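Position one of the sequence shown corresponds to residue 19 (the numbering used here), numbered consecutively onward.
It is possible that some hints are incorrect.
[As the list claims (entries may be wrong)] The calculated DMTMM-like cross-link candidates involving lysine to aspartate or glutamate, where the alpha carbons are at most 25 Å apart (straight line), are:
1. Lys296 / Asp309
2. Lys133 / Glu196
3. Lys22 / Glu162
4. Lys296 / Glu33
5. Lys22 / Asp185
6. Lys296 / Glu186
7. Lys133 / Glu298
8. Lys296 / Glu196
9. Lys133 / Asp104
10. Lys22 / Asp47
11. Lys22 / Asp50
12. Lys22 / Glu299
13. Lys293 / Asp47
14. Lys22 / Glu186
15. Lys293 / Glu33
16. Lys293 / Asp309
17. Lys316 / Asp297
18. Lys22 / Glu196
19. Lys293 / Glu196
20. Lys133 / Asp297
21. Lys133 / Glu299
22. Lys22 / Glu298
23. Lys22 / Asp297
24. Lys22 / Glu33
25. Lys133 / Asp50
26. Lys296 / Asp25
[Stated by the list, open to error] Derived CB-CB ranges, DEER-like:
27. Val230 / Phe265: 23 to 29 Å
28. Ala170 / Glu227: 37 to 43 Å
29. Glu298 / Pro172: 35 to 41 Å
30. Gln112 / Val230: 42 to 48 Å
Honestly, the hints are just simulated from the structure, not real lab data. Keep in mind it's a predicted model, so treat the numbers as computed, not measured. Note that the Cβ used here is the ideal one computed from N, Cα and C, for glycine as well.
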Amino acid sequence: MAVKLADHCGRLLAERGDGEPRLRVLDGDLADSDGALHFATRHPARFLMAGIAEQNMVSVAAGMAEAGLLPWVFSFAAFLCYRAYDQIRVCLSQARQPVTLVGSHAGGLSGRNGKSHAAPNDLALMLSLPHLHVWSPADCADVEFATSAILARPAPTYLRFPRTPIDEQRGLPGTAAELRWLLPRRPITLVSTGVASHWALSAAGHLAEAGVEVGVLHCLRLRPLGALGEQLRGVRRIFVVDDHSTFGGLASLLHGLDLPAAITALGWPPDFSGKSGKDEELLVAHGLSADRLAHTIKTALAESTRG
19 MAVKLADHCG RLLAERGDGE PRLRVLDGDL ADSDGALHFA TRHPARFLMA
69 GIAEQNMVSV AAGMAEAGLL PWVFSFAAFL CYRAYDQIRV CLSQARQPVT
119 LVGSHAGGLS GRNGKSHAAP NDLALMLSLP HLHVWSPADC ADVEFATSAI
169 LARPAPTYLR FPRTPIDEQR GLPGTAAELR WLLPRRPITL VSTGVASHWA
219 LSAAGHLAEA GVEVGVLHCL RLRPLGALGE QLRGVRRIFV VDDHSTFGGL
269 ASLLHGLDLP AAITALGWPP DFSGKSGKDE ELLVAHGLSA DRLAHTIKTA
319 LAESTRG
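Sequences and hints are given; from them, build the entire structure.
In structure tokens:
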């Protein structure tokens with residue numbers, strides 16, 4: 019069964035709301051699409067439909083947090099991160115208010131909504147803010163892990179979800195954790211986050227068929243980054259697979275670790291602002307389908323061997 023991860027988050031919050039009276043959910047007029055509807059239905063008195071007014075919504079949530087409540091703010095990432103960026107910067111990041119921002123429809127796959135609803139560089143914005151925690155789940159187990167961790171230690175947080183439903187029958191291997199090896203560490207390793215971890219795992223299957231064995235490391239939490247550098251010890255070539263611009267996302271974080279490994283970023287090109295289209299067609303067109311990723315990686319490895 020395919021599940022929208024933002025929906026799963028909304029259901030979890032609705033359940034947790036039974037035992038946590040401080041929980042509040044605010045939504046930017048998208049509750050039936052971004053997962054907030056589940057909380058609104060179960061706890062209507064603790065739900066605020068803020069309308070198409072993202073700046074005001076984030077400011078209200080910061081006030082709720084200052085008063086001792088635990089507000090979660092839902093909207094599409096394209097509207098939440100960009101329209102309310104100054105409020106996120108001042109009221110959450112600088113003031114360190116424990117508000118959780120839930121950005122659904124993040125990344126470059128916006129379906130028929132087109133570029134106005136795409137958010138292929140949201141991580142570049144959010145990761146540049148001090149004190150803001152950032153999570154990028156890939157499956158329902160990730161959502162449950164992240165939600166529990168955020169509620170246990172509230173902090174200014176951005177929780178990023180893809181628009182694309184995830185087939186839970188093909189969930190990621192292993193147990194949810196901040197860092198999860200989907201395939202064992204190898205000298206050549208793919209590092210990924212969010213829905214792109216499914217792309218990376220599929221690409222690794224294509225590579226294995228061609229005789230190229232790679233490791234795959236999934237990063238659930240991007241800020242604080244944790245022990246990523248230690249996990250990649252001994253890796254000599256890293257390919258970062260990301261549902262984000264190749265600039266400002268996971269690859270940029272890895273470059274900041276000053277690792278001895280060569281790092282290649284595989285994601286949306288920096289001049290890509292989004293486009294209407296079917297997911298698979300967009301992935302193929304921009305080299306992010308499993309077979310295209312595998313081809314790019316094999317070509318890069320062959321060139322480095324010749325060099």
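- Going through the earlier hints one by one, which of them does the structure break, listed in rising order? Hint check: 2, 4, 8, 15 and 19 fail, others pass.
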